[in-house]
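Since the structure of chain A is provided, determine the placement of chain B on it from the hints.
Chain by chain, the residues:
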Amino acid sequence: MLGKAYFAIGLAVILLFGASSFLGWELGTPSREVLPADARGPNGYRSFHFWHYGFHGGK
Amino acid sequence: MTALTANCPSCGAPVNFKSGSSIVVICAYCRTAVARTDRELRDIGRVAEIVETGSPLQLGLQGTWRAVNFELTGRAQMGHEAGGVWDEWYATFANGSTGWLAEAQGRFYLTFLQKIDRNVIPPPERLQLGMSVSSIPGLTPPIVAEIGFAQALGASGEIPYELTPGRTFYYADLSGSGNMFATIDFSDTPPSVYTGQLVTLAELGLADARAAEREARMVTAVSLSCPNCGGPLALHAPDRTERVGCPNCNSLIDVNQGKLSFLKSLGAGKYQPDIPVGAVAEFEGANYLVLGFVVRSVEIEGLRYFWSEYLLYHPHIGFRWLVNSDNHWSFVQAVAPGEVSDEGNRVQFHGKSFRIFQDAPARVEYVMGEFYWKVEVGEEVLAADYVKPPEMLSREVTRNPPREGSKVETGEVNWSLGRYVPRKEIEKKFNVRLQPPSNVAPNQPFLYKSIYPYWAVLVAILFIVGLFTLVVSGSNDVMTRNFSFEPLQNAEATQVAFSDPFELVARRNIRVQATSAVSNSWIYVAGDFINDDTGLVQTFELPVEYYYGVEDGENWAEGSQSARTLLSALPAGKYTLRLETQWGPQFNAPANITIKIDQGHTSFFNFLMALLVISIVPLGIGFWQFNFERRRWSESMFGGSSSSSSDD
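Quick note, the sequences are listed as chains A and B, same order. All residue numbers for the first sequence refer to the numbering used here, where the first residue is 890 and numbers rise by one. All residue numbers for the second sequence refer to the numbering used here, where the first residue is 13 and numbers rise by one.
One or more hints might be untrue.
Derived coverage of chain B by chain A (criterion: at least 3 residues anywhere in the stretch with Cβ under 8 Å from a Cβ of chain A; other residues may be distant) [stated by the list, open to error]: (1) 454-464; (2) 513-527; (3) 546-554; (4) 574-580; (5) 610-620.
Think about it this way: if two alpha-carbon atoms lie no more than 27 Å apart in a straight line, the pair counts; the simulated DSS-like pairs of lysine-lysine are [what the hints assert, rightly or not]: (6) A:Lys893 - B:Lys400; (7) B:Lys282 - A:Lys893; (8) B:Lys271 - B:Lys386; (9) B:Lys282 - B:Lys436.
Don't read these hints as lab results, they were simulated from the structure. Virtual Cβ for every residue (Gly too), placed ideally from N, Cα, C.
If we strip away everything but chain A, and leave its shape as in the complex, we get (with noise of 0.2 Å):
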């Protein structure tokens, strides 16, 4: 019984694992954003609150 219900897990594990290969998943991914419509004009981009978030780098 024990056995049973691990080979089933481990078959949707692996699943899981095929899945993310075909669509290009990734563990540990940053979240994701939405620019607001205003932030982007015809040349670029304005600075904006939301990329500054802060630097962690360095000595």
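Okay, now just chain B, sitting in the frame of chain A:
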């Protein structure tokens, strides 16, 4: 010689030599053993009445062995030195050959006299239990399973040798692989050798022999009175019982052909069986009667460990055991010693390897009910257990000192195979409540190892799927561009740059790689993919840093001049890349960074994550099993390590 009908020289009744090879016929009227010679019939004395053993066989019974018909024409009954009798049935075959069908403890052995050089047979005093005798033919040289001392007790029908009532003799039983069986009869000089095999009544065409009578014996019992207390004493297998424990006064009673005699008191209520003597339960498709209860013990490192055994009986099948050790239960049956090959700390049986678990003298502490041998409180056997869960092979060796004036040490080696039975199953079979075990039994199976084959199948499927995705996926370069940045005004400042628009396709992951010639410095990139049509923004971060130096005379380096990240696929469309950068510590110097974007990169991370997820449960169970085995072997004399998973 030929068939012959004549008159008994003692009483004149007709005696009939059906088989040409018969030497002696027992007169059915006066029980005189009548021997024939070339000239005359001779009275060689009276033989005792045959003791009823509940045998399914009888004189005149006809069967078939290897397409040759035979008839049971004679019966000799022998007394065993440990008590009890066994029957030797003389079989006369239609092709003129003769054989012996021996019957003991519900098992049957068909043997034929072998014409081998009997002078190469070792004398009984040179035989040892367990030694192989290569001069006797077999698939493998048979081993000595028993060296015994017997007495001819009684006979009926025709006998092919001059049977002398009361005559004693040594014999050796040998057992080989493939159920091979042999007997050396030392009553002859040189000794006679009979070889054959363990057979079933079905193989002899005798499966239905006296079946109804035997079935009836299952439910009936002989009622007697205890010679010590006068209380009622029921014998369920009176034909085979040698000892019985009185349930009324807890005394041990000797049974000798139906005559009871008090032996000793066993101590009131010292041990109580969990399953009542007389209970019936089904095992392997047959109903067994609990005939007896015995408590045994071993002493290991100064401590005495006890367990109990229940003797089970079925009139068709014979005897089995139900063993309760530390509230773990096993169903046990005897196996032919020749089927077991002893290899020191391991034994092989039917292709399986069993590892030694315990090896110590076992002592009988208490008995209750009926037994087919003259059981004694205090009797000891050398017992060794070998395990391969859920099975356990047990070897018991009994040795008797030589008889007075003899150098022959008798004894026997018995092997039995026990199979673990869950406690709940025993409770259900006998309708009793039993104590749960608190430790791991030597042959207790680990119940969850069936998950490993599932795991192996899942890993194989995962690799196939991974290989398939590797084959069908193809990467494509999207953009490679160098970005140059002017010096920053201060350490906290950033610079922003935008790429030209580029196309991304759907359902393909995105790999971004940043490369910069940092040297004991860093550059940090915060990037955004911006969909020019929908405003969808996918952010990412790429820190590029590389440091090196010499410390304590040794070179060191850490970091890299490039960094990469993988992002999930974005909807197909036109995108612009926005980069916001910061660098140091030389922030007042210009910086360069090359950004490369491609799609459809094969990601091993997802594969490894899937492998990890499907492996978590088997790894946990593997750890559990490791501890289970460690607990099992911690109670073994031969524990040492728990690296016994291969034994499962």
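- Compare the structure with the hints numbered earlier in the document and write down the numbers of the violated ones, lowest to highest. Per hint list: single violation, 7.
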